[in-house]
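Let the hints inform the model, and build the full structure from the sequences given.
Residue-level listing of the chains:
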Amino acid sequence: MIAIVDYGMGNVASVSTAFKRLGYEVVLTDNVGELEKASHIILPGVGSFQAAVKEISERGLKEPLQRLAKEKPFLGICLGMQLLFTEGYEGGTSQGLNLIPGTVEKIKTPYLLPHIGWNGLHIQPGHPAFDPFQDKHVYFVHSFEARTEKEYLVASTEYGSDIPAIVQKDKVYGIQFHPEKSGEVGVGILKAFLQEVK
Amino acid sequence: MIVKRIIPCLDVKEGKVVKGTNFVGLRELGDPVEMASAYSKAGADEIIFLDISATNEGRQTMVDIVKSTAENVFVPFTVGGGVRTIDDVTRLLKAGADKVGMNSAAVANPELIAESSARFGAQCIVVAIDAKRFDDGWHVMTHGGSKDSGIDAIEWAKTVEQKGAGEILLTSVDTDGVKDGFDIALTKAIVDTVRIPVIASGGCGKPEHFPEVFEKTDVSAALAASIFHENTFSIKEVKDRCTLQGVNIREA
Numbered sequence: 001m002i003a004i005v006d007y008g009m010g011n012v013a014s015v016s017t018a019f020k021r022l023g024y025e026v027v028l029t030d031n032v033g034e035l036e037k038a039s040h041i042i043l044p045g046v047g048s049f050q051a052a053v054k055e056i057s058e059r060g061l062k063e064p065l066q067r068l069a070k071e072k073p074f075l076g077i078c079l080g081m082q083l084l085f086t087e088g089y090e091g092g093t094s095q096g097l098n099l100i101p102g103t104v105e106k107i108k109t110p111y112l113l114p115h116i117g118w119n120g121l122h123i124q125p126g127h128p129a130f131d132p133f134q135d136k137h138v139y140f141v142h143s144f145e146a147r148t149e150k151e152y153l154v155a156s157t158e159y160g161s162d163i164p165a166i167v168q169k170d171k172v173y174g175i176q177f178h179p180e181k182s183g184e185v186g187v188g189i190l191k192a193f194l195q196e197v198k
Numbered sequence: 001m002i003v004k005r006i007i008p009c010l011d012v013k014e015g016k017v018v019k020g021t022n023f024v025g026l027r028e029l030g031d032p033v034e035m036a037s038a039y040s041k042a043g044a045d046e047i048i049f050l051d052i053s054a055t056n057e058g059r060q061t062m063v064d065i066v067k068s069t070a071e072n073v074f075v076p077f078t079v080g081g082g083v084r085t086i087d088d089v090t091r092l093l094k095a096g097a098d099k100v101g102m103n104s105a106a107v108a109n110p111e112l113i114a115e116s117s118a119r120f121g122a123q124c125i126v127v128a129i130d131a132k133r134f135d136d137g138w139h140v141m142t143h144g145g146s147k148d149s150g151i152d153a154i155e156w157a158k159t160v161e162q163k164g165a166g167e168i169l170l171t172s173v174d175t176d177g178v179k180d181g182f183d184i185a186l187t188k189a190i191v192d193t194v195r196i197p198v199i200a201s202g203g204c205g206k207p208e209h210f211p212e213v214f215e216k217t218d219v220s221a222a223l224a225a226s227i228f229h230e231n232t233f234s235i236k237e238v239k240d241r242c243t244l245q246g247v248n249i250r251e252a
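Taken in sequence, the protein lines are chains A and B.
Using UniProt numbering, the letters of the first sequence map in sequence onto residues 1 to 198.
Using UniProt numbering, the letters of the second sequence map in sequence onto residues 1 to 252.
Treat the hints with caution; some may be incorrect.
Cross-link-like lysine-lysine pairs, in silico, DSBU-like; alpha carbons within 35 Å at most [said to hold, decoys possible]: (1) B:K41 <-> A:K108; (2) A:K106 <-> B:K216; (3) A:K62 <-> B:K94; (4) B:K163 <-> A:K106; (5) B:K67 <-> B:K163; (6) B:K158 <-> A:K54; (7) B:K132 <-> B:K163; (8) B:K67 <-> A:K37; (9) A:K169 <-> B:K94; (10) A:K20 <-> B:K41; (11) A:K70 <-> B:K94; (12) B:K41 <-> A:K72; (13) A:K108 <-> B:K179; (14) A:K150 <-> A:K70; (15) B:K41 <-> A:K106; (16) B:K41 <-> B:K188; (17) A:K20 <-> B:K206; (18) A:K171 <-> B:K41; (19) B:K67 <-> A:K72; (20) A:K54 <-> A:K108; (21) B:K236 <-> A:K72; (22) B:K179 <-> B:K236; (23) A:K191 <-> B:K158; (24) A:K171 <-> A:K62; (25) A:K169 <-> A:K20; (26) A:K171 <-> B:K132; (27) B:K94 <-> A:K171; (28) B:K67 <-> A:K62.
Among chain A residues calculated to face chain B with C-beta under 8 Å, some are [claimed, not checked]: (29) S14; (30) T17; (31) P110; (32) L112; (33) I116; (34) G117; (35) H137; (36) Y139; (37) V141; (38) E158; (39) Y159; (40) E180.
Hints listed in this document are in silico derivations from the structure and should not be mistaken for laboratory results.
Even for Gly, the Cβ is constructed at its ideal location relative to N, Cα and C.
Here is the structure:
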């Protein structure tokens with residue numbers, strides 16, 4: 001059973017359907033007991049970093065999520081990926097889950113923001129599970145980006161500068177783009193995550 | 001680098017995709033969710049639904065279509081048509097739309113753009129601008145392109161951006177339905193004015209028209225309806241044509 005954390009930040013129907021399509025049972029929940037029973041935890045999210053931190057704290061989810069991320073495969077998607085980092089500056093400075101060292105800052109680019117649309121993936125060496133997605137296009141919608149160490153980078157995309165697209169530390173993965181909106185490639189990437197992390 | 005987007009548009013009336021112009025001689029083409037799903041599998045980068053229902057029942061049906069699309073289609077989709085209030089925006093986003101388009105209501109009340117953008121983020125607010133050429137420049141047209149608002153389209157595009165729109169869907173009333181290519185002059189004028197993505201619409205009659213608008217303007221995306229319907233041309237034919245002419249697109 002995959003648990004998708006439903007904490008009031010954006011629509012989770014598409015994320016849920018994507019996993020169901022892969023043959024998994026899915027539960028949408030903000031209940032710690034349900035999260036503890038799950039095989040994988042998915043943290044989605046659309047909106048601002050500060051608002052999301054507030055929603056997580058008010059539901060008493062911060063400590064449980066930090067603890068469970070050490071025990072089982074954990075995937076943050078879009079804003080959920082940004083929340084994995086130490087600190088974010090959208091809507092003022094606020095503390096993230098600090099599961100991967102780094103900050104979340106406004107994208108530095110001469111191009112238009114938000115960064116909306118299909119962009120290519122550059123998979124870093126040493127991540128064979130993601131090699132099939134080299135140069136494949138996935139759908140991005142965001143104005144903020146993670147700034148982290150190269151060792152946590154699985155894939156990046158180019159938009160005037162290199163933007164982290166997939167990050168990983170131990171059992172914790174983060175995906176900046178929307179796999180649930182990225183056609184067959186997106187579903188393939190979710191599958192790679194499910195198979196890679198045990 | 002980010003690619004140019006190819007977007008099929010589906011006109012939906014009372015729950016069915018229809019084809020026809022100016023609300024006369026409408027012909028039913030099929031089920032919106034099935035058609036959107038087929039287009040996404042064929043390589044469409046995004047889908048736009050334009051609800052032209054005349055009744056409240058029709059608009060309620062659209063909400064059900066949005067829910068079903070969110071569960072069955074794995075590319076982003078936008079819903080426009082009949083969006084008048086922030087409650088309409090909320091209802092469509094909650095049902096699972098990625099973006100909501102607004103047109104006449106935004107002209108009547110530009111604060112609708114600001115309120116929607118502040119509440120849900122600029123990335124999900126698309127403002128549709130229907131423009132028509134007059135002696136003194138392009139005017140914004142409302143009510144399906146039939147009514148001249150007297151507002152200068154370039155000035156309106158600036159306002160729309162400043163109010164918080166994430167994207168502009170620009171339709172040329174002059175070239176719409178003519179099938180002789182996108183309105184290059186209008187598209188270039190708007191794209192060069194704003195710092196948000198613009199989708200060109202109106203006039204596409206064959207695959208070659210897509211690379212033409214991408215080569216001659218910096219537009220982010222281009223939309224067509226009729227050429228994709230009834231398999232006149234496939235998304236793949238359009239993308240192959242773009243690739244051939246050196247336009248950076250996502251492989252179909």
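Structure-based check of all given hints:
1. B:K41 <-> A:K108: Holds, at about 33 Å.
2. A:K106 <-> B:K216: 31 Å, holds
3. A:K62 <-> B:K94: 25 Å, holds
4. B:K163 <-> A:K106: Between K163 of chain B and K106 of chain A the Cα gap is close to 20 Å, so the pair holds against 35 Å.
5. B:K67 <-> B:K163: Distance of about 28 Å is within 35 Å: holds.
6. B:K158 <-> A:K54: Holds: K158 of chain B and K54 of chain A sit about 34 Å apart, inside 35 Å.
7. B:K132 <-> B:K163: 22 Å, holds
8. B:K67 <-> A:K37: 29 Å, holds
9. A:K169 <-> B:K94: Roughly 33 Å between the alpha carbons, so the hint for K169 of chain A and K94 of chain B holds.
10. A:K20 <-> B:K41: 18 Å, holds
11. A:K70 <-> B:K94: Holds, at about 33 Å.
12. B:K41 <-> A:K72: Holds - the C-alpha atoms of K72 of chain A and K41 of chain B are around 33 Å apart, at most 35 Å.
13. A:K108 <-> B:K179: 40 Å, violated
14. A:K150 <-> A:K70: 21 Å, holds
15. B:K41 <-> A:K106: 33 Å, holds
16. B:K41 <-> B:K188: Measuring from Cα to Cα gives roughly 31 Å; hence the hint holds.
17. A:K20 <-> B:K206: It is violated: about 38 Å lies between the C-alpha atoms, which goes past 35 Å.
18. A:K171 <-> B:K41: Given that 35 Å is the threshold and the Cα spacing comes to 32 Å, the pair holds.
19. B:K67 <-> A:K72: 31 Å, holds
20. A:K54 <-> A:K108: Cα-Cα ~26 Å, so holds.
21. B:K236 <-> A:K72: It is violated: about 41 Å lies between the C-alpha atoms, which goes past 35 Å.
22. B:K179 <-> B:K236: Holds - the C-alpha atoms of K236 of chain B and K179 of chain B are around 19 Å apart, at most 35 Å.
23. A:K191 <-> B:K158: Judged against 35 Å, a Cα distance of about 43 Å means the pair is violated.
24. A:K171 <-> A:K62: This hinted pair holds, its Cα atoms lying about 17 Å apart.
25. A:K169 <-> A:K20: 26 Å, holds
26. A:K171 <-> B:K132: Roughly 56 Å between the alpha carbons, so the hint for K171 of chain A and K132 of chain B is violated.
27. B:K94 <-> A:K171: 31 Å, holds
28. B:K67 <-> A:K62: 31 Å, holds
29. S14: Since chain B brings a Cβ to about 5 Å from S14 of chain A, closer than 8 Å, the hint holds.
30. T17: 5 Å, holds
31. P110: Violated: closest Cβ of chain B sits about 11 Å from P110 of chain A, beyond 8 Å.
32. L112: 6 Å, holds
33. I116: 6 Å, holds
34. G117: 5 Å, holds
35. H137: With a closest approach of 4 Å, the H137 of chain A hint holds.
36. Y139: 6 Å, holds
37. V141: 5 Å, holds
38. E158: 6 Å, holds
39. Y159: 6 Å, holds
40. E180: 7 Å, holds
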